[in-house]
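Visitor: Chain by chain, the residues run as shown.
2 protein chains.
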Amino acid sequence: MAVYIGLVHYPIYNRNMEVVTTSLTNYDLHDIARTARTYGMVKYFIIQPNETQAKLAQDIIDYWQTGYGSQYHEDRKEAFSVLQMVDTIEEAIRQIQQREGKVPLVATTDARTYANTISYQALRDKLAANDQPYLLLFGTGWGIEKTTMAKFDFILAPIYGAGDYNHLPVRAAAAIILDRLLGEKWWK
Amino acid sequence: MAVYIGLVHYPIYNRNMEVVTTSLTNYDLHDIARTARTYGMVKYFIIQPNETQAKLAQDIIDYWQTGYGSQYHEDRKEAFSVLQMVDTIEEAIRQIQQREGKVPLVATTDARTYANTISYQALRDKLAANDQPYLLLFGTGWGIEKTTMAKFDFILAPIYGAGDYNHLPVRAAAAIILDRLLGEKWWK
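Sequence order for the protein chains is A and B.
Okay, so the first sequence: first residue is 7 according to the numbering used here, each after it adds one.
Okay, so the second sequence: first residue is 7 according to the numbering used here, each after it adds one.
Looking at chain A on its own, in the form it has when it is part of the complex (with noise of 0.2 Å):
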C-alpha cells in the first residue's frame, strides 16, 4: 500500500489569519518520522520552501540518515529513513508521481465540512483497496491555506475527544489518524 505523509510549512495560516511559512519543530521530525516508520509510510515530506529552515532540517535529518546519530542509534536511523525534504506540495506529488507511476489522491483534515468531507472508515476502506498512491497532508500553525485546501481530493472530519476542547499537537493527530486509516483492526 503506497501511504505517503507530507506536514505542510507553507501555505499556512498564522493566528491572525495571514498567510506565512512556518518554522521547523524538531519533535515535528522525530515523532512524525517513528510513527511514519511504524505504520508503513513510503516517505515522510517536511514541505518547506525557506532555505534557511529547509537547511537546518536537512542537517538535522542527515544526523540521523548518515551522520553521528545513525551509527550509535539504529532504530532511530530507520525512523529517519522516511524523511524527505520538499519545497512544495507540488514537488512532493510530482515525486510521488515518479516513483508510482501515478498522481496520489490527496487527504487532509479541516474544521470545516466540504462537499469532499470523507469518514476515516470510507478512507481506511480506499486506501486497503490499494489500487492508488495517497498523500496524508498535515498543517502546522493553523492550518492550511484554503484555495489549497480546495484542490484536495478528500477531508478528513477532524479528530474530536471528550468535549469542545480540541487543541491536539500535530504530532499526536497524525499518530491517531494514522491509527485509525492504517492501524491493527482492534474492535469487535
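What the hints contain is simulated information worked out from the structure, not anything from laboratory work.
A quick note: this is a predicted structure, and the numbers were derived from the prediction, not measured.
For every residue, glycine included, the Cβ atom is placed at its ideal position computed from N, Cα and C.
You can take every hint at face value.
Here are the simulated BS3-like cross-link-like pairs (lysine-lysine), alpha carbons at most 30 Å apart as the crow flies:
id: 1; chain 1: A; residue 1: K191; chain 2: B; residue 2: K191
id: 2; chain 1: A; residue 1: K194; chain 2: B; residue 2: K157
id: 3; chain 1: B; residue 1: K61; chain 2: B; residue 2: K49
id: 4; chain 1: B; residue 1: K132; chain 2: A; residue 2: K194
id: 5; chain 1: B; residue 1: K108; chain 2: B; residue 2: K83
id: 6; chain 1: B; residue 1: K108; chain 2: B; residue 2: K191
id: 7; chain 1: A; residue 1: K152; chain 2: B; residue 2: K191
id: 8; chain 1: A; residue 1: K157; chain 2: A; residue 2: K61
id: 9; chain 1: B; residue 1: K152; chain 2: A; residue 2: K83
id: 10; chain 1: A; residue 1: K194; chain 2: B; residue 2: K194
id: 11; chain 1: B; residue 1: K194; chain 2: A; residue 2: K157
id: 12; chain 1: A; residue 1: K152; chain 2: A; residue 2: K49
id: 13; chain 1: B; residue 1: K157; chain 2: A; residue 2: K191
id: 14; chain 1: A; residue 1: K191; chain 2: A; residue 2: K83
id: 15; chain 1: A; residue 1: K152; chain 2: B; residue 2: K83
id: 16; chain 1: B; residue 1: K194; chain 2: B; residue 2: K132
One-sided and incomplete, this derived list gives chain A residues near chain B with beta-carbon spacing under 8 Å:
id: 17; residue: D37
id: 18; residue: Y45
id: 19; residue: Y126
id: 20; residue: G169
id: 21; residue: L174
id: 22; residue: W193
Start from chain A and add chain B according to the hints.
Guide: Just chain B, lined up with the frame of chain A:
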C-alpha cells in the same frame, strides 16, 4: 467517566535493564497534557521521585498554570490545568482514591502477554461502564520495572503498525491509546 493518566519516570528500565529514574522531557508535558485534556482526563500525573527533576517540571507547570504563559496562551493554560506532580505511583493512586472515594483500577501496556492482558475493546467497554475510576500508566525509557508491572490490574497489548518496526514515541502511543479507549466511534 473518571479516567486519569500517569507518566512513570520510576521504576523504569534503562537500555541495560537496570532500574533507574528517567529525566523530564518537556514535550511529554505539553503534548500529553493537550491530548489528556482533549480526551477528558481528570488529571495527568507526572510520576517523578527525583527532587531536582520534579522541581524543574513544577516550574514549567507553574509557568503555564499561573505564570506568564497562562496569560498569553489560554488553550495551553487549559491543557496544563490537568497536570499534577506526584513522587510515586502509590501517591497518584492515593490522590485518586481521595477524590473519587474508590481505589482506581490500574492499566498499562507491555510487549509481553500476561494472565491479565486485556483487549482495547474490552477496556473501552469497561471505561464506558463508568462505575470505577481508572489510572492508565505510560512508561518512559525501556519500560516499567516488572514487579511493579505485576501489581497492575490490566495490561494492554502494545500498538502495532504495518510491520516489525514498533518504536512509537510515548507521546504518540498515549494519543493512540486514548483515542482507542475513549475516542468517538468512527468505525462502522
